[in-house]
Amino acid sequence: MKFSFSAEQEAFRESLRGYLAERSPTKEVRRLMETEAGWEREGWARLNAEMGLAAVRIPEAYGGQGFGFSEQCIVMEEMGRVLLCAPFFASAVLAAGAILQAGTEAQKAALLPGIASGAVVGTLAWVEESGRWDAEGTTLSAARDGAGWRLDGHKSFVIDGHTADLIVVLGRTEAGLSLFTVDGAAVSRRAVQGIDPTRKLARLAFAGVRAELLGEDGGASEPFARVMTEAAVGLANEMVGGAERLREDALAYAKMRMQFGKVIAGFQSMKHKQADMLMEVELAKSAAYYAAAALDDGDADVAVAASIAKAAASEAYLQTAIHAVQIHGGIGFTWDNETHLWFKRAKASEVMLGDATLHRERMMQAMVEGTP
Amino acid sequence: MSEAMGSEAGVRAEVRAWLAANWDPALGLVEWRTRLAHSGWGMPTWPTRWYGREMPEAMVPVIEEEFDQAGAIGVARIGIRTLAAATILAHGTDLQKEKYLLRILTGEDTWCQLFSEPSSGSDVAGAVTRAEFQGNQWVVNGQKVWTTSAHKAHWGLLLARTNWDAPKHRGLSYFIIDMKQPGVSVSPLRQMNGFASFNQVFLTDAIVPPEMIVSTEGDGWTVTNTTLMHERRGADGLRAQPKGSDRPERIYGEERDEIAVALEPYRWYPSRAGRVDMVLPRAIETGAIHDPVVRQEVGKLLVMARCAEWTARRARAAKEQGKPQGPEGSLGKLAASVVARAAARVHTQMTGAGALLAGPEAAAGGTVAEILLSVPAVSIAGGTDEIQRNIIAERVLGMPREPSEDTKKPFRDVPRNTVG
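Chains as they are written, first to last, in this note's numbering: chain A, 11 to 382; chain B, 159 to 578.
Just so you know, these hints were derived from the structure itself, not from any lab.
Note that CB positions come from ideal geometry on N, CA and C, so glycine has one too.
Be aware that a few hints might be false.
To be verified - Under 8 Å between C-beta atoms, here's a sample of chain B residues computed to sit facing chain A:
hint : residue
1    : M217
2    : V218
3    : R408
4    : V451
5    : Q454
6    : Q479
7    : P482
8    : P485
9    : E486
10   : L492
11   : A493
12   : I545
13   : R547
14   : N548
To be verified - Lysine-lysine pairs mimicking DSS-like chemistry, simulated, CA-CA at most 25 Å apart:
hint : chain 1 : residue 1 : chain 2 : residue 2
15   : B       : K567      : B       : K326
16   : B       : K458      : A       : K354
17   : B       : K255      : B       : K338
18   : B       : K566      : A       : K272
19   : A       : K283      : B       : K458
20   : B       : K255      : B       : K326
21   : A       : K357      : B       : K458
22   : B       : K310      : B       : K458
23   : B       : K566      : A       : K12
24   : B       : K458      : A       : K12
25   : A       : K354      : A       : K37
26   : A       : K37       : A       : K283
27   : B       : K566      : B       : K326
28   : A       : K12       : B       : K481
29   : A       : K283      : A       : K272
30   : B       : K338      : B       : K257
31   : A       : K272      : B       : K567
32   : A       : K265      : A       : K37
33   : A       : K265      : A       : K283
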């Protein structure tokens with residue numbers, strides 16, 4: 011359903027919102043963001059034992075719950091709201107998505123149940139130092155070695171790359187773009203300092219690392235493009251969750267903060283700013299919801315919807331964050347205030363998977379063939 | 159009654175059977191609509207006593223589908239008459255309902271809205287048109303403006319001040335005024351885009367009989383808000399302009415004529431909305447699509463337009479499912495305004511020097527120039543963007559109301575414009 015949620019979906023969202031508010035108060039976000047890993051196994055295991063979140067979109071045949079993208083995107087939105095420090099996006103969206111799209115039947119049966127239960131944390135490594143978000147920038151090379159493969163090269167900006175157990179890697183063989191799985195411990199890896207401390211990034215070096223081919227040699231182009239579409243939609247939903255939380259917090263603050271003898275919410279400049287913020291966030295939410303439903307409906311032009319959703323969310327989230335700092339004034343620029351946590355996620359998410367400019371261009375290319 | 163009554167399938171079967179037995183394209187338009195109005199299928203959400211069936215909003219699309227299937231014409235729904243009907247239904251006396259509702263539904267009567275004045279635009283409640291009870295009738299003096307179709311209207315929805323000692327909002331009353339009388343004079347108002355779609359209405363000792371006040375004396379502001387609420391609801395940009403059918407029977411011809419007359423004042427409204435539909439075809443046609451800067455601007459516009467459309471659809475879906483209106487329901491008008499301005503910018507950018515010209519020799523046969531000169535209306539008409547933002551902030555976000563300098567004291571002591 012592109013324009014509304016079912017009663018079941020709304021009930022799911024409501025219970026999840028209550029659960030995550032309790033599990034991930036800002037104090038907990040601050041504690042985890044100071045760790046090098048950025049998340050903890052114990053908390054992740056509890057999240058999956060109690061709510062089964064990593065399993066939501068994985069088919070029942072592979073140990074999942076068999077729900078759709080709309081449900082997965084509800085999870086993303088609610089996690090984005092509380093800035094949950096957990097490897098959900100890396101593992102349940104990126105890694106699971108790649109395995110579902112590219113893996114053989116045997117590989118899905120072998121790899122997905124672990125991801126679904128949360129026992130195994132996966133991620134996808136595709137970007138390199140060039141910073142290109144598409145597959146064209148891939149230089150990591152793979153060569154056959156007996157029954158397996160060996161990978162040489164590096165990967166950058168890998169989400170949770172220094173903590174993942176299972177890394178799906180995009181590389182090149184003689185046959186072309188291919189996906190591989192490697193054991194995280196076998197890779198030389200280090201965390202890099204990111205602008206957003208609530209979602210950790212890593213740089214990975216591959217020097218003859220043993221790997222297993224995921225799916226078909228040279229057949230990764232289409233599955234990879236599809237995973238990027240799914241990821242953009244998932245991230246857009248996470249972003250609108252964060253944007254709405256920021257908007258609500260800024261509104262609550264404006265209603266409480268007194269200056270010139272009255273609450274600042276009484277000033278028309280504040281009212282108009284808040285009205286614009288509401289509009290921007292609601293418009294971006296509409297696109298994020300639409301794109302999730304378009305994935306479930308199997309729409310042929312889902313990549314266009316995904317790019318619209320990512321472009322809208324990128325601008326709305328960052329703009330909301332800028333407004334939120336401004337509304338808080340001086341206190342909004344301090345470390346103790348919570349706004350900067352979401353500001354940093356907004357900035358990082360704007361860039362992650364390509365910014366609004368890139369996604370507008372992708373949308374134009376898809377809408378008008380043969381251009382530029 | 160069958161078990162299916164009230165269910166979607168039950169309603170569908172019922173309306174289909176009724177149409178099979180009653181729809182007849184050989185009837186005259188008024189004759190058919192009279193029959194339709196009495197059946198309740200024309201306004202199914204209305205009370206049973208007044209031409210309705212008390213059905214939930216969710217059934218309306220189902221019923222409309224059956225009408226489309228049968229090629230059956232609905233009740234008259236274009237223009238201010240719909241707002242008049244909603245207002246009379248909510249606040250009118252039985253006598254007023256008897257007198258007006260049926261003729262609204264049949265399309266026999268045309269209505270206009272007499273709210274705005276030269277000295278009160280956004281501040282509608284600051285109206286200074288005066289209604290005084292003299293002898294046994296109301297006598298009205300003043301000037302109204304931006305009145306669509308006033309020259310054709312039989313009846314007007316009139317907001318006038320009846321008490322100058324009461325505070326602003328409590329000194330107003332709401333009337334139904336006969337437009338075809340010597341005290342009412344109508345003249346066209348020319349706009350910056352060259353069209354003259356609105357009128358100025360001069361009221362000079364115009365008469366309103368006592369039974370034609372809507373609700374009570376002093377309650378005019380409440381009634382006005384009902385009208386305005388229904389007006390805003392229609393401003394989400396989703397509603398397509400009615401086209402009519404090109405079938406040969408006389409009744410379709412009558413409907414086409416009705417639509418043509420009613421829509422005449424609105425014929426530049428697509429330009430006012432920015433003609434987003436023209437942007438991509440013109441980008442391709444002009445070759446501007448190959449300019450990376452233009453591509454970005456077109457992309458920005460299309461992303462925004464699509465998001466606005468989907469937001470309006472979310473609001474509509476919630477309404478159809480009978481859910482309480484969420485914040486998305488209040489944003490349609492403001493979003494449409496932002497989209498229109500962005501569209502005007504992109505049209506200018508793609509047209510280049512050609513944007514200097516207007517008229518038949520200009521870009522897209524003059525449509526681009528018409529867009530550029532019509533878009534400024536979208537952020538003003540029906541509530542300016544600034545007022546919309548106030549409404550969103552106050553009613554949706556619960557922020558403090560604007561401080562009022564003028565609502566506590568008698569209206570006669572409130573500073574007012576000296577020149578209209």
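Looking back at the numbered hints, which does the structure fail to meet, lowest number first?
1, 2, 3, 4, 7, 12, 20, 22, 23 and 26
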